[in-house]
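Working from the sequences, and respecting the hints, build out all of it.
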Amino acid sequence: MPKKILIIGAHAAGCDAAAAARLIDRKAEITMLTNERYAGYSRCGLPFVLGGHIKSFQDLIVFPPSYFKMMKIDLKLEATATNIDTNAKTVEVQYKDGSTENLSYDSLIIATGAKPFVPPIKGRDKQGVYVLRTIEDGEKIEQAIKNSKSAVIVGAGLIGLELAVAFVERGLKTTVVELLPQVLPAMLDKDMANLVQRELEKKGLNIITGCAVDEILGEEKVNGVIAGGQQVPADIVVVATGVRGNIELAQKAGIATGETRLIKVNMRMETSVKDVYACGDCVESIHLITKRPTVCQLGTTAVRQAKVAGTNAAGGYAIFPGVLGAAVTRLFDTEIGAVGLTEFSAQRAGIETVSVTFSGKTRAQYYPGALPIRVKLIAEKETEKLVGAQIIAGEGVAQRINALSFAILKEMTIRELAKAETCYAPPVAETWDPMVLAAQTLIRRLKRK
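Oh and the sequence shown: position 294 is 293 in numbering that gives the first Met the number 0, straight run, nothing missing.
Check each hint, because a few of them may be wrong.
[To be verified] In the SDA-like style, the derived pairs of lysine to any residue whose C-alpha atoms are separated by at most 25 Å in a straight line are: (1) Lys446 with Ile350; (2) Lys290 with Pro320; (3) Lys148 with Asp124.
[Claimed, not checked] Here are the in silico distance ranges between beta carbons for each label pair: (4) Glu77 with Arg197: 40 to 50 Å; (5) Pro1 with Lys418: 52 to 62 Å; (6) Trp431 with Pro1: 53 to 63 Å; (7) Thr430 with Asp332: 22 to 32 Å; (8) Asp332 with Arg25: 39 to 49 Å.
Quick caveat, the hints were computed from the structure, so don't treat them as lab data.
Beta carbons: idealized from backbone N, C-alpha and C, even for Gly.
Right, here's the structure in full:
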């Protein structure tokens, strides 16, 4: 009898889990469910379609219907899993037309993702208030942009800022309101965040930090918000205050959640119930530095976990070691990247750190087009091991963050990083890479201590 593998969710995590399972077991019956109209598209690309960099939302579909046919995966669209019976090994599914069905499984993979969190702001159900998570959300915002002159984004995380940039690029007068005292609070420390904020404000983005949106104004339709006592006009309000994992289905089935209130899994991505695996935004991860449970809702984490879940669900063996949270984005012409702990998150985990910020150029000083780069390195005080890095530059951020991610993973000390050999040619790099110079500066700081 072929093995029955059932996957709930058909986006980054679901699709990569299915692909991994198919590699291990050529004969398995793989069934995938999604409650959406489209499967297998990149949510990360949505702001860039709205900004006009990508032509259409359809271009974001990474796994077209032909892919599922070729891989012999039975994809069920607009199908909602309503109940999991782990004893009978069945999942109850409700279809768009109201009909229901019980599907049986040998291995189950929960890849239910997350949904936008909308805080209880007064007036949040008015017309003109949006979230951005699905292609449908994107299409609604795209329509709204056409008849709007101004926008307010609630939240200055990655999605919030990427959206705000898109709105400015589309000619809207845009304001971002962030409750915390800085932009990108999960990714950067305040000194680096202030730098990003100044760059964004130069491009005409209005940013209000340390302030909540108290009320969304307008009769039926939005015409502004009240934030920190001041009134800001807005034809569109997008709430980008983060996402919450979709764990209700798992909880109802008696599957354990961890201290981050997401699904708890072991290194094989198996839940507290045998033969039930989970991956993606609904799952908690272990941070490789603190060794504690953490929330890491990134596309990269989702696909890496999915590969492990899919392999194991199909009878193979793979483990997921944990996360460092490497992330990067581009806002206007500034690239921003980070990996590991910020000073703030290290302090919260009880880790004493030393840090340095170094400013340099991305190419030889004299070469036309050399752009500024700022590198912040964070090390654990006693062992001098690198535990975090943040970079803001005009170019070349992603690959430096990757290199520093490898360095943290291999528990490199600042002294080892300072001696690292890097490449050089005037059009592409300096003789001393800014990462290495930052490490050398930090050693001098440690000596003075």
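Here is how each hint holds up against the structure:
1. Taken as a hint, the Lys446 and Ile350 pair is honoured in the structure, with Cα atoms around 20 Å apart against an allowance of 25 Å.
2. Proximity of Lys290 to Pro320 is assessed by CA-CA distance (about 10 Å); at most 25 Å being required, the pair is judged to hold.
3. Proposed proximity of Lys148 and Asp124 is supported: the alpha carbons are some 21 Å apart, at most 25 Å.
4. Distance hint check: the CB atoms of Glu77 and Arg197 are about 45 Å apart, consistent with the given range 40 to 50 Å.
5. As the Cβ distance of Pro1 to Lys418 is approximately 55 Å, the hint placing it in 52 to 62 Å holds.
6. Distance hint for Trp431 and Pro1: a CB-CB separation of about 58 Å, consistent with the stated range 53 to 63 Å.
7. At roughly 25 Å, the beta-carbon separation of Thr430 and Asp332 lies within the given 22 to 32 Å, and the hint holds.
8. Distance hint for Asp332 and Arg25: a CB-CB separation of about 47 Å, consistent with the stated range 39 to 49 Å.
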